[in-house]
Amino acid sequence: MKIAVCIKRVPDTETRIKIGADGKSIVEDGVKFVLNPYDEYAIEEALQLKEKSGDGEVVAIAMGSAASQETIRGALAMGADRGILLQTDAVSVNPVTVAKVLAAELDGAGYDLILFGKYAVDDSSQAVGTIVSELLSLPSVSAIGHLELADGKGTAEREIEGGVEVVEFSLPAVVTADKGLNEPRYPALRGIMMAKKKPLEVKPVELGDGGMTVIQLALPPERPEGRIVGEGPDAVPALIEALRTEAKVL
Amino acid sequence: MPFQGLDFLDVDSLLSEEEKAIRDTVRRWVDDAVMPIIAEHYLDGNFPMGLVPQMAELGLFGANLPEEYGCAGLNNVAYGLIMQELERGDSGVRSFASVQGALVMYPIYAFGSEEQKRAWLPRLASGEAVGCFGLTEPDYGSDPGGMLTTARETDDGWVLNGTKMWITNGSTAHVAVVWAKTGDIGDQASIRGFIVPTDTKGFSAKDQKGKLSLRASDTSELVLQDVHLPADAVLPKSKGLKSPLMCLTQARYGIAWGAVGSAMACYEEAVSYAKSRVAFKRPIGATQLQQARLAEMVTEITKAQLLCVQLGRLKDAGTMRPEQVSLAKRNNVNIATEVARETRRLLGANGILAEYQAMRHLANLESVYTYEGTHDIHTLVIGQAVTGLSAF
Numbered sequence: 001m002k003i004a005v006c007i008k009r010v011p012d013t014e015t016r017i018k019i020g021a022d023g024k025s026i027v028e029d030g031v032k033f034v035l036n037p038y039d040e041y042a043i044e045e046a047l048q049l050k051e052k053s054g055d056g057e058v059v060a061i062a063m064g065s066a067a068s069q070e071t072i073r074g075a076l077a078m079g080a081d082r083g084i085l086l087q088t089d090a091v092s093v094n095p096v097t098v099a100k101v102l103a104a105e106l107d108g109a110g111y112d113l114i115l116f117g118k119y120a121v122d123d124s125s126q127a128v129g130t131i132v133s134e135l136l137s138l139p140s141v142s143a144i145g146h147l148e149l150a151d152g153k154g155t156a157e158r159e160i161e162g163g164v165e166v167v168e169f170s171l172p173a174v175v176t177a178d179k180g181l182n183e184p185r186y187p188a189l190r191g192i193m194m195a196k197k198k199p200l201e202v203k204p205v206e207l208g209d210g211g212m213t214v215i216q217l218a219l220p221p222e223r224p225e226g227r228i229v230g231e232g233p234d235a236v237p238a239l240i241e242a243l244r245t246e247a248k249v250l
Numbered sequence: 001m002p003f004q005g006l007d008f009l010d011v012d013s014l015l016s017e018e019e020k021a022i023r024d025t026v027r028r029w030v031d032d033a034v035m036p037i038i039a040e041h042y043l044d045g046n047f048p049m050g051l052v053p054q055m056a057e058l059g060l061f062g063a064n065l066p067e068e069y070g071c072a073g074l075n076n077v078a079y080g081l082i083m084q085e086l087e088r089g090d091s092g093v094r095s096f097a098s099v100q101g102a103l104v105m106y107p108i109y110a111f112g113s114e115e116q117k118r119a120w121l122p123r124l125a126s127g128e129a130v131g132c133f134g135l136t137e138p139d140y141g142s143d144p145g146g147m148l149t150t151a152r153e154t155d156d157g158w159v160l161n162g163t164k165m166w167i168t169n170g171s172t173a174h175v176a177v178v179w180a181k182t183g184d185i186g187d188q189a190s191i192r193g194f195i196v197p198t199d200t201k202g203f204s205a206k207d208q209k210g211k212l213s214l215r216a217s218d219t220s221e222l223v224l225q226d227v228h229l230p231a232d233a234v235l236p237k238s239k240g241l242k243s244p245l246m247c248l249t250q251a252r253y254g255i256a257w258g259a260v261g262s263a264m265a266c267y268e269e270a271v272s273y274a275k276s277r278v279a280f281k282r283p284i285g286a287t288q289l290q291q292a293r294l295a296e297m298v299t300e301i302t303k304a305q306l307l308c309v310q311l312g313r314l315k316d317a318g319t320m321r322p323e324q325v326s327l328a329k330r331n332n333v334n335i336a337t338e339v340a341r342e343t344r345r346l347l348g349a350n351g352i353l354a355e356y357q358a359m360r361h362l363a364n365l366e367s368v369y370t371y372e373g374t375h376d377i378h379t380l381v382i383g384q385a386v387t388g389l390s391a392f
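Residue numbers (our numbering), protein chains in the order written: chain A, 1 to 250; chain B, 1 to 392.
Worth flagging that the hints you see were computed from the coordinates, not collected in a lab. Worth double-checking, as some hints may not be accurate.
Some chain A residues near chain B, calculated using beta-carbon distances under 7 Å [as the list claims (entries may be wrong)]:
{"#": "1", "residue": "E14"}
{"#": "2", "residue": "P187"}
{"#": "3", "residue": "A188"}
{"#": "4", "residue": "L189"}
{"#": "5", "residue": "R190"}
{"#": "6", "residue": "I192"}
{"#": "7", "residue": "M193"}
All residues carry an ideal CB built from backbone N, CA and C; glycine is no exception.
From just these sequences and the hints, can you work out the full model?
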């Protein structure tokens with residue numbers, strides 16, 4: 001069983017983002033970067049599948065700047081066998097260009113399963129995994145909450161409005177992991193030390209802008225301070241009035 | 001809000017990627033596993049035993065001992081960072097790991113036979129066995145050489161008699177490393193260490209009740225009454241008072257780091273509270289009095305962090321001297337206690353609640369101030385080192 005997990009280095013969700021002087025990018029100084037949280041579920045699933053099957057290989061693949069090596073080391077510390085960094089300092093907001101670079105690496109490499117997180121928490125495009133499957137002409141199931149593999153086939157469950165959809169598919173395939181797929185492990189401290197001894201291949205790649213450029217980034221407007229309209233049941237009419245006339249949500 | 005820590009002077013730049021990754025992993029685990037339950041265990045007065053398998057899985061026990069015995073084989077800076085993060089949660093959690101690693105696994109590793117190491121270290125690393133360390137006695141704390149516990153050699157082994165007090169993990173432990181005199185009661189050189197399975201006949205442990213500090217920790221009194229042990233229970237390479245003192249140097253090293261953790265926990269709470277608590281129509285953090293408090297905390301914590309990193313590098317280089325550990329333990333625990341107290345005060349009435357951390361850390365640190373060589377004893381160790389004159 002050969003499994004690829006595509007991962008991404010993203011700002012910690014607790015980070016307070018500052019917009020740079022160019023108005024188009026974030027200031028990276030002082031920002032803590034982490035492994036995309038959804039990718040943790042993808043790695044954990046890959047590791048569990050490998051452990052269940054008794055053999056196989058889990059390869060962590062990231063595209064990005066040299067700093068993404070640290071993110072790959074994190075996946076190796078959790079237990080992935082080797083890593084590949086598709087290195088570029090370029091950034092594309094077009095998921096198609098990113099997907100093409102990843103697909104070129106994955107194509108013909110013999111993976112039985114390719115896992116992604118359902119989206120990266122930085123740009124939340126939710127598209128790369130699915131486009132990769134399209135480029136490789138592989139079946140894909142997005143945002144899965146449960147996965148079973150047997151006899152060259154997979155069964156995945158995904159939450160949909162008001163219920164659960166069960167999808168059967170043939171392997172190889174691309175799936176993207178949702179929260180709840182599993183409980184990602186902490187890297188064991190020994191794993192962290194061993195991670196630096198595992199192979200990490202760095203391959204320079206070219207990344208076009210895909211015909212899309214960022215014109216401007218803006219922070220959401222500051223939320224105005226709250227107001228207490230009254231206390232107890234007597235306050236209900238005033239609250240309804242405020243929701244109707246001020247917030248205009250009723 | 002996950003714990004951010006404090007790094008005013010970019011002390012992180014003195015750490016390797018692996019050291020930071022280890023710190024961050026333990027930090028995250030403390031956020032997830034310790035913080036939600038610690039206040040309740042503190043109030044209930046018991047150690048959260050459910051954490052032990054998780055700590056073992058992470059590799060926190062004896063993390064600086066070699067991999068061939070089931071340990072993580074980390075360097076001493078990484079080990080220190082683990083202690084820092086654990087104590088950020090609670091001194092009781094750090095104490096558990098300190099005792100297991102530095103006071104039980106370390107003496108077996110340093111003074112034990114190969115058979116003893118193979119028999120015990122993997123079990124202790126995996127958390128399958130919990131250990132405790134019996135040195136202190138009711139009347140002999142700062143002066144352990146005066147101990148009254150004896151080990152008499154017989155035809156087929158040893159017989160131990162005596163009482164030990166203030167023993168962390170004492171009631172929980174499966175195995176105790178007990179120090180006893182094998183010769184005359186006045187002969188410190190005859191002190192040796194023994195591996196005592198706690199189910200041995202004549203061994204009993206009693207929980208020490210009524211603690212107002214380290215409440216999320218098991219502190220017990222051990223009684224050894226004609227405890228018969230086989231000949232191979234003795235740690236063959238242990239010899240004299242120096243052996244247990246070497247263990248204490250290991251544990252004190254971890255405490256110097258741990259204190260920084262509790263200080264950072266309090267500092268973070270203090271800053272957060274100062275920025276959000278409004279009095280006289282402005283955040284109290286906008287007042288000079290509170291800023292002075294915070295500035296003092298940042299300064300002292302930063303100094304303590306630098307002490308730790310340098311001490312760790314010396315330990316890794318094999319040149320660390322016990323009096324240097326005394327300096328770090330003495331200073332760091334003292335400033336952590338000050339930071340906890342000032343945080344408690346900054347928080348006003350809220351500062352006395354278990355919902356906040358400061359009072360819990362403050363109460364804990366009063367024990368840490370006294371255990372593993374009291375503040376005063378470390379003063380004398382440093383004094384002796386610089387004058388060459390003993391003032392004990």
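Hints versus structure:
no., hint, in the structure
1, E14, "6 Å, holds"
2, P187, "6 Å, holds"
3, A188, "5 Å, holds"
4, L189, "4 Å, holds"
5, R190, "5 Å, holds"
6, I192, "5 Å, holds"
7, M193, "6 Å, holds"
Hint compliance for this structure: every hint is met.
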